[in-house]
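Residue numbers (full-length UniProt numbering), protein chains in the order written: chain D, 1 to 593; chain P, 1 to 593.
To be clear, the hints were calculated from the coordinates, so they are not data collected in a lab.
Incorrect hints may have been included.
Copies of one chain are not kept apart here, so a pair can be met inside one copy or by any two copies together.
Here are the simulated DSS-like pairs of lysine-lysine, each with C-alpha atoms no more than 25 Å apart in a straight line [what the hints assert, rightly or not]:
no., residue 1, residue 2
1, Lys587, Lys48
2, Lys587, Lys501
3, Lys587, Lys336
4, Lys463, Lys486
5, Lys181, Lys376
Number of protein chains: 2
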Amino acid sequence: MSIYNAPLNDMRFILTDVFKAPEFWQNNDNLAHVDMETVDMILEEMAKLSKNVMLPINRSGDEEGATYQGDGVVTTPEGFKEAYQQYAESGWVGLGGNPEYGGQGFPKMVTMLTEEMVFTTNQSFALYPNLTVGATLCLNAAASEELKQTYLEKMYAGYWSGTMCLTEPHAGTDLGIIKTKAAPNDDGSFSISGTKIFITGGEHDLTENIIHLVLAKTPDAPAGSKGISLFVVPKFLVNEDGSLGARNSVAAGSIEHKMGIKASATCVMNFDDAKGWMVGAENTGLSSMFIMMNYERVTMGLQGLGGSELAYQNAALYALDRAQGRSDTQLQSPEKPADAIIHHADVRRMLLNAKANSEASRCFAMYVAKQLDTEKFSTDPEAAQIAAARVSLLTPVAKAFLTDKALEATIDCQQVFGGHGYVREWGMEQIVRDTRIAQIYEGANGIQALDLLGRKVARNEGKYVINFLGEIRDYVASMSAEHGIKQATLDAAETVEALTKTVLANIGIRKSEINGCAVDYMHAFGYLCYSYMFAMMVEAANGQEGEFYTNKAKLADYFVGRILPRIDAHAQMVKAGSDPMMNFDLKYFGASV
Amino acid sequence: MSIYNAPLNDMRFILTDVFKAPEFWQNNDNLAHVDMETVDMILEEMAKLSKNVMLPINRSGDEEGATYQGDGVVTTPEGFKEAYQQYAESGWVGLGGNPEYGGQGFPKMVTMLTEEMVFTTNQSFALYPNLTVGATLCLNAAASEELKQTYLEKMYAGYWSGTMCLTEPHAGTDLGIIKTKAAPNDDGSFSISGTKIFITGGEHDLTENIIHLVLAKTPDAPAGSKGISLFVVPKFLVNEDGSLGARNSVAAGSIEHKMGIKASATCVMNFDDAKGWMVGAENTGLSSMFIMMNYERVTMGLQGLGGSELAYQNAALYALDRAQGRSDTQLQSPEKPADAIIHHADVRRMLLNAKANSEASRCFAMYVAKQLDTEKFSTDPEAAQIAAARVSLLTPVAKAFLTDKALEATIDCQQVFGGHGYVREWGMEQIVRDTRIAQIYEGANGIQALDLLGRKVARNEGKYVINFLGEIRDYVASMSAEHGIKQATLDAAETVEALTKTVLANIGIRKSEINGCAVDYMHAFGYLCYSYMFAMMVEAANGQEGEFYTNKAKLADYFVGRILPRIDAHAQMVKAGSDPMMNFDLKYFGASV
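This is chain D alone, in the form it adopts within the complex (with noise of 0.2 Å):
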């Protein structure tokens, strides 16, 4: 029932107006090959495909959802198998991958946008290439030359998927006390034994095998996050000739029954020795993940942003045609008994709040990708360099303030649609649902802030926020555009200024501070961050003639007069600090157990 028109036009303007990509790949060997008319035509078979492939077994696929069959079988909904083959086919998993291995070595900034319009379209279906493209991602940075031989070619096929096996029953956040152990075979692989949950597609029936990466403790390690190793563990034991061998002794247990991403098969997978190889060296697993984290983060901002945009668009049409109550301007449709709710301006409230979030989204997302592909391709050490540290600053940023405002985004859309959008057959409540998990895997939200404030500002003593505070002030005082945006994110960038100092000076007399601010000070982050990238849009836009120019200026009012006024909210709830949380004895918090 839902509508998808893949926003074309808003993700040219970002990449060739705003962050001028054509010029960007030109100017580096390593991105050479990549052409803006090449580009364009991917992102048009994408546009084609997620709307005609992915979006018709959205909602289907939610209502059957992904099943277990018992035995260690896991089907996927209907459709789900033909749409898989397809997207395979066409050659998408591969599509970032390393060319060495038969990918085709297309940057993040144009990956990003193929994945935006999956996630958009269908969240579950969009986690199974999904992990793959995570899988091959750690292989290919860690991996020794032989398992890349084995592996990579045919993952970025389609014909092998991946996952990623870290969580275990008692251990999700904290990964240095888990029990899976890899003890030594005199062949040189490892014996694999224990139990992992929260898999996505540890199991399912779309692929001929499945690639494991799996987090595991070998008998000498020492205890802690220090004590990890990675592992590499087929469900098909793999021939030298590649062909498939015996079946490995993993299995799916069961799957489990959630609140959405119904057809994307969660599961528990149980290893009994199962045979599987190192990847990376002893005890460095737990870095090896993390080699691909920073890439593979922004992709669940980029879930949200799907979410986001999916529930504005059918919001929008909906608006335009239900008609409920008079305008308060002037008589709509006096031919009619009621005007479309597209006139109340709290329905445009509601939409706007989605669509500058999906814009604001979309670029900050290509502003990280830039940066990725910079850290990756470039030539040059030093912008390497630096790029790098802007991604390890932004990355949590990407992942959990995206989501977070992607909730938001299709809450409201979904408040549009009023009972109707809580009846399951208009698909608003699914897009809820899906959107949801967004905000609690690949690290909960909370976790990402702390990452943020912890480790990317507080450890390096502010150092990386200060070189951005920076650039977000030279960019503004390089703008030709007069908009409110510009004192707005110069006020938005002293806020977060002041915040960091504030933090910083009170870690010392609070442990707790840390903890306590980290999600608030995240929040004021993304909201600048936001501001930035209204800044970057306006400006691209600023001089150049029609309506969709002069709209980016308008939703950039928006964005200031009715969204970034929560960034002050932020910053006095992080000035009053932890202790309104500590001061709490233990026993409080189970009285009423």
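We have chain D; now place chain P onto it with these hints.
Then chain P, alone, in the frame of chain D:
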């Protein structure tokens, strides 16, 4: 899997320490029959019933859902019939009913607490008796003596249930455009024909008869909302002796498949020359409905409170039990690999958001309930009139603000569970899904905000607000407690006063101003109300011995530092006005279609 222990201490604190209910009842002739000993027994009984009967069928009811069996037959999930029977036989439906017709005459200050407990443990279940209570309120206030004699006693006894049939496929918020027709018959009855949707409890297997209150238009009714009459339409006609007669021609055509409250049957009701009797005078149907709306809308706030309370209790329990990572302040469980997550300030932040919301919600609902009871029972006409004005002003806040904040609270508490919060088995995601409806039905929250800013503030030029602000300032001035809540409340009052002036001044300039500012005004207003409630709770706890009381001040500290600052963001957004929304051309919103 969920736990629940009714917060009886908090309830008693609010009833007796904060609002001095026993004195209030003693000093009022119409309420002199109510005493605290009886009320205590009532609360304790409901604490047991809700915990032992409603809670155990909450998850199973969600999984099974209400079922449409075809031919107009709807069944409730397993256990609902037995639970309802027990509920009805114990006299709960008629607890607040008119004693002249078999009700027990308890005031809202008491029934709101029992309603809270039912909503906390089973939102779907709660709706069945709740709609009956709503219908009896309406009949009691507006129906003829004959109709009251026919229906009230059976409904109070729970033998018959009630519905409110307002919405039609094309008419939800805008009831002026309903199409259901009422043609007069010779015997004084009417033939009702039309289709109503979203009818909670429209059909089910809990009671032997279902009494529909239906909005319809008589043949020569004026257009719009001034031409709506109200009719009582029983599923089974009632014989003169009170026994059930022939089946009336009203039937459920289907039920909705919804995001949540799945055990509550939401029906499409088809009226095909169904026999009905007019309630009140012709063309006064909407005002008859609104007689009971104020009394009922507070109950929707209680639904939100219920979600918030259940989410808090379960998240607190989980946070005390789940070990993950180490405390920032000091090692807590050296013998275990990790400390309980309750030691993390950010986990406490999420819990305290919910806890503060629950306590402020309950207090505010009690404040409004006391006004409702004053309006209904007071022997002093002036006091009743002042209370009526207060009720009129605060009802939309009790409905919209409490449910908006409740959804946030349930999401925060779900987040405490990490991935487990997303899995159905744990019950947290159900609370989010169930609570979501309270923002939508019974007048969507945007409409409540319009009611507040349009009808209750602008239409009387802020008079109601000014009176309320005066009361708040007088109260703060009279406080003997020393606490930051005092200045915070005065500041919040000033914010709302300034905001009211700003909006009133801008109405003349921008016609869309009320519509565009209503929701943010409502939120600013809501935070002021919460602040006032915390002031009252701090004052009531002041000087009393024991942690229960000192924790009230600590929770108020948390509110002042970590919640209330949001008021400034909403104030700024109101000041930005409606231009940022209205500046867009209509086609902007159609760009993606």
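Here is what the structure says about each hint:
1. Lys587 with Lys48: Result: close only across copies, 23 Å inter versus 57 Å intra.
2. Lys587 with Lys501: Intra 34 Å, inter 45 Å, cutoff 25 Å: neither.
3. Lys587 with Lys336: Classified as between; 20 Å across copies, 61 Å inside a copy.
4. Lys463 with Lys486: within (23 Å within a copy, 40 Å between copies)
5. Lys181 with Lys376: Neither. Shortest intra-copy (33 Å) and inter-copy (69 Å) distances fail the 25 Å Cα cut-off.
Violation of the numbered hints given earlier is confined to hints 2 and 5; the remaining hints are satisfied by the structure.
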